[in-house]
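Undergrad: Residues per chain, in single letters:
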Amino acid sequence: MNEVCFKNLDQKDPWSLKTYEANGGYSVWRKILKGELTPEQIIDELKTSGLRGRGGAGFPTGLKWSFMPRNADMQKYVVCNSDEGEPGTCKDRDILRYNPHSVIEGMAIGGFVMNATKGYNYIRGEFMEPFYRFEDALKEAYAAGLLGENLDGSSVSFDLYAHLGAGAYICGEETALLESLEGKKGQPRFKPPFPANIGLFGMPTTINNTESFASVPDILANGGQWFADIGVENSGGCKLFSVTGHVNEPANFEVPMGLPFKDLLEMAGGIREGRTLKAVIPGGSSTPVLTAEAAMAMTMDYDGIEKAGSMLGAGSVIIMDDSTCMVETLTRLAHFYYDESCGQCTPCREGTGWLYRVLKRIMDGNGKADDIDLLMGVQDKIMGNTICALGDAAAMPVESFLRCFREEFEYYIEHGKSMVKG
Amino acid sequence: MISTKAKKQIDAWVAKYPEGRQSSAVMEALKIVQAENDNSLTSDSIQAVADYLDMPGIAAAEVATFYENYNHKPVGKYTIRFCHNISCMLNGADDLIAHLEKKIGVKTGDVTPDGLVNVKKVECLGACVGAPMFQIGDQYYENLTADKIDEIVDGLK
Ligand SMILES: Cc1cc2nc3c(=O)[nH]c(=O)nc-3n(C[C@H](O)[C@H](O)[C@H](O)COP(=O)(O)O)c2cc1C
Ligand code: SF4
Ligand code: FES
Chain X
1 MNEVCFKNLD QKDPWSLKTY EANGGYSVWR KILKGELTPE QIIDELKTSG LRGRGGAGFP
61 TGLKWSFMPR NADMQKYVVC NSDEGEPGTC KDRDILRYNP HSVIEGMAIG GFVMNATKGY
121 NYIRGEFMEP FYRFEDALKE AYAAGLLGEN LDGSSVSFDL YAHLGAGAYI CGEETALLES
181 LEGKKGQPRF KPPFPANIGL FGMPTTINNT ESFASVPDIL ANGGQWFADI GVENSGGCKL
241 FSVTGHVNEP ANFEVPMGLP FKDLLEMAGG IREGRTLKAV IPGGSSTPVL TAEAAMAMTM
301 DYDGIEKAGS MLGAGSVIIM DDSTCMVETL TRLAHFYYDE SCGQCTPCRE GTGWLYRVLK
361 RIMDGNGKAD DIDLLMGVQD KIMGNTICAL GDAAAMPVES FLRCFREEFE YYIEHGKSMV
421 KG
Chain V
423 MISTKAKKQI DAWVAKYPEG RQSSAVMEAL KIVQAENDNS LTSDSIQAVA DYLDMPGIAA
483 AEVATFYENY NHKPVGKYTI RFCHNISCML NGADDLIAHL EKKIGVKTGD VTPDGLVNVK
543 KVECLGACVG APMFQIGDQY YENLTADKID EIVDGLK
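Protein sequence lines, in the order shown, are assigned to chains X and V. For the first sequence, counting from 1, position 134 maps to 134 in this note's numbering; every step adds exactly one. Take the position in the second sequence, starting the count at 1, then add 422; the result is the number in this note's numbering.
No lab work stands behind these hints, which were simulated from the structure alone. For every residue, glycine included, the Cβ atom is placed at its ideal position computed from N, Cα and C. Check each hint, because a few of them may be wrong.
[As the list claims (entries may be wrong)] Calculated lysine-lysine pairs in the DSSO-like style (CA-CA distance at most 30 Å, straight line):
id, chain 1, residue 1, chain 2, residue 2
1, X, 417, X, 368
2, X, 360, V, 438
3, X, 34, V, 438
[What the hints assert, rightly or not] Rough simulated footprint, nothing fancy, chain X against chain V, three-plus residues with beta-carbon under 8 Å:
id, segment
4, 444 to 455
5, 483 to 494
6, 533 to 540
7, 547 to 558
[Said to hold, decoys possible] Quick list of simulated restraints, FRET-style, between CB atoms:
id, chain 1, residue 1, chain 2, residue 2, range
8, V, 437, X, 145, 14 to 24 Å
9, X, 149, V, 473, 45 to 55 Å
10, V, 425, X, 303, 18 to 28 Å
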C-alpha cells in the first residue's frame with residue numbers, strides 16, 4: 001500500500017522538496033538533464049508499465065505521449081488536469097497537498113518527451129490549500145534550478161504555471177479545460193482535431209490527470225516492469241481509490257490494481273454497525289452502479305470492474321448500505337448533471353433536464369406509471385449522441401439504477417413514498 | 423474601479439500566459455475584483471476587467487455568468503458553500519443543511535439581516551472522504567456535525 005503517489009505520506013513535511021528528494025525524487029529529471037535518457041526510452045518504459053490515464057478514460061499514457069508531434073516547429077504544451085470534480089473523487093487534492101513535486105517532475109518529464117517547454121496545471125478554483133502547496137513547490141523547484149530555461153547547462157527548458165478554475169464540473173473534460181485555460185466559457189470542443197494537433201492556444205498539447213503525472217517519476221526510476229508487476233494484466237501498477245459513503249473509515253487508499261473489492265471495503269473499516277452493503281458505485285458518479293453481490297465478487301482493476309458491469313473511472317468507490325433510498329440518490333445525481341451540462345448539445349441539455357424533472361416528480365409523489373420507460377427512453381437518446389462524455393455520464397447512472405433497483409422506483413411511483421425510508 | 427493593488431495581482435496572473443493571451447487571466451481577474459467589491463460583480467465591474475485585459479466586455483460577461491464562483495447579487499460577508507452531492511448526502515448533509523439554516527435563521531440563498539452569512543448548496547468539492555463538508559473562503563471544514571457547525575458559525579464575525 002502507498003508505494004507511489006502516497007509514498008511520502010507519513011514522513012515529515014511530505015510536500016517539501018527535501019522529503020521528495022530524500023525519497024529519490026527528481027533523480028529521473030536530473031538524469032534527463034545529464035542527457036542519460038531519451039524520449040524513446042521513456043515512452044518504452046511507460047508502455048511497459050501499463051500506466052493508463054487516471055482521469056477516468058483509462059487511455060494508455062505512453063501511447064498518448066507518443067502521439068505528440070514532438071518535432072513540429074512550434075510551441076507545444078503539457079497540461080495537468082487537477083480539476084477533480086467527479087462526485088466521489090478526492091485523490092488529486094491529496095496528491096497536490098502531500099506530494100506536489102511528483103506532479104511537477106512528471107510534467108517536466110512529459111515536457112521533455114514531447115518537446116514542450118511550457119506547462120500549466122489547471123487546479124479547480126476551490127482547491128486553494130492544494131494550490132498554495134503547488135505554488136510553494138514550484139518556487140522550491142525554480143530555486144533549486146529544476147525548472148526554467150537551459151537547465152543545468154543543458155538544452156532542456158521547462159516552465160510550469162498553476163492556473164485556477166472558477167467552479168464548473170465540465171472543465172474537467174479536457175477540451176473544455178483548454179477553453180477555460182484560454183479564458184473562455186468551459187464548453188467542450190468537437191474532436192477531431194485532437195489536442196495533440198490543435199490544443200492550447202491552437203498548439204499541440206497533451207493533457208493528463210494529476211495522478212497519471214505523479215506516477216511517472218517512480219515508473220522511470222524503478223522501471224516499467226516494476227510498475228506493471230505491482231498490478232495485474234491490462235491494469236499496471238497501483239491506483240488511488242477514494243472510498244466514501246457508508247463506511248466506518250472513509251479514506252484514500254493507494255493499492256495494487258486487482259485487489260479484491262471486499263479487501264478494500266475492509267480497509268475502509270467496513271460497513272457501519274448493524275447495516276449491510278446494498279450498492280456500490282465503483283468509479284465515481286458517472287459510472288454504473290452495482291449491486292452488493294456484483295461488487296463483492298469484483299476485483300479493483302479495469303477488467304475486473306468491467307466484468308462486474310461498471311467502470312474503474314477515477315477510482316471513486318461510493319459505498320451505500322441498506323438505509324439508502326436509490327430513488328433519492330439517483331435524483332441527486334440527475335440534478336448534478338442537469339446543473340453541470342454546458343448546454344451545447346440538445347440531447348444533453350434537454351435530456352438531463354428531463355431526467356431530473358421526471359425523477360423529481362417521482363420524489364414529490366407525482367410519478368406516473370410509465371415514468372420508468374420514459375427515463376429509460378431519455379437516457380437512451382442521450383447515450384452516444386453528444387459532443388462530450390458528460391452526456392453518457394448522465395445517462396449511465398440512470399440506466400444502471402433502474403436496471404439494478406427497479407422495484408424501488410416502481411414502489412415510489414405506486415405509493416408516492418420511499419420503499420426504504422417510508 | 424480596479425484598485426492599484428488589484429491591478430498588481432491581475433498583472434501577476436497575466437505574466438503566466440504568452441504575449442497577447444492576457445485574457446487567460448480573466449477568471450482570476452474577476453475573482454480579484456469581486457473580492458474587493460463586497461463579493462459580487464456588476465456589469466460595470468465586469469466591463470472594467472474586460473477593459474483592463476483588453477478583451478470584449480461580452481467575453482468577460484460570458485465567463486462571469488458561466489462559472490459558479492461569481493456572484494451577481496449581494497451575498498454575505500461569508501458564503502458557506504455546503505456540499506450536497508452524493509458522498510456528503512449519504513453522510514447526512516441534508517439534515518445538517520437544515521440545521522444550519524435554522525441556526526442562522528435564513529434559508530439557503532438568503533443573506534442574514536446583518537449581512538454576515540449566506541448558505542449555498544454546491545456540488546462535490548473533492549473532499550468526499552471528509553464528508554459531510556463545507557467551504558468558507560479558502561478553507562474546507564470536514565467531518566461536520568451539528569455541534570461543529572454551531573462552533574464554526576459562532577466564530578464568524
Ligand atoms: C464531464 C467530464 C469531466 C471530467 N473530469 C475530469 C477531471 O476532473 N479530472 C481528470 O483528470 N479528468 C477528467 N475527465 C477526463 C478528461 O477529459 C481526460 O480524459 C483526462 O484528463 C486525460 O488524462 P489521463 O489520460 O491522464 O486520464 C473528465 C471527462 C469528462 C467527460
Ligand atoms: S454533452 Fe453536455 S456537457 Fe458535453 S458538450 Fe454536450 S451539452 Fe456540453
Ligand atoms: S460529495 Fe461532498 S465533497 Fe464530494
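Undergrad: Run the distance test for residue 34 of chain X versus residue 438 of chain V: straight-line Cα separation, threshold 30 Å.
TA: holds (28 Å)
Undergrad: Is the Cα-Cα distance between residue 360 of chain X and residue 438 of chain V 30 Å or less?
TA: violated (45 Å)
Undergrad: Verify the CB-CB distance for residue 149 of chain X and residue 473 of chain V against the hinted window 45 to 55 Å.
TA: At 33 Å between Cβs, range violated.
Undergrad: Against chain X, does the segment 483 to 494 of chain V show at least 3 residues with beta-carbon separation below 8 Å?
TA: This one holds; 7 residues, not fewer than the three required, reach chain X with a Cβ under 8 Å.
Undergrad: Do the Cβ positions of residue 425 of chain V and residue 303 of chain X conform to the proposed distance bound of 18 to 28 Å?
TA: Violated: the Cβ-Cβ distance is about 57 Å, outside 18 to 28 Å.
Undergrad: At a Cβ distance under 8 Å, does chain X reach at least three residues of the segment 547 to 558 of chain V?
TA: holds (count 8)
Undergrad: Would you check the hint for residue 417 of chain X and residue 368 of chain X, treating anything up to 30 Å between C-alpha atoms as holding?
TA: holds (13 Å)
Undergrad: Within the segment 533 to 540 of chain V, is the number of residues with a Cβ closer than 8 Å to a Cβ of chain X three or more?
TA: Violated, because only 0 residues of the segment 533 to 540 of chain V bring their Cβ atoms closer than 8 Å to Cβ atoms of chain X.
Undergrad: Residue 437 of chain V and residue 145 of chain X, beta-carbon distance inside 14 to 24 Å?
TA: holds (21 Å)
Undergrad: Quick check: do three or more residues in the segment 444 to 455 of chain V have a beta carbon closer than 8 Å to a beta carbon of chain X?
TA: holds (count 8)
In summary, the structure is inconsistent with hints 2, 6, 9, 10 from the numbered list given earlier, while agreeing with the others.
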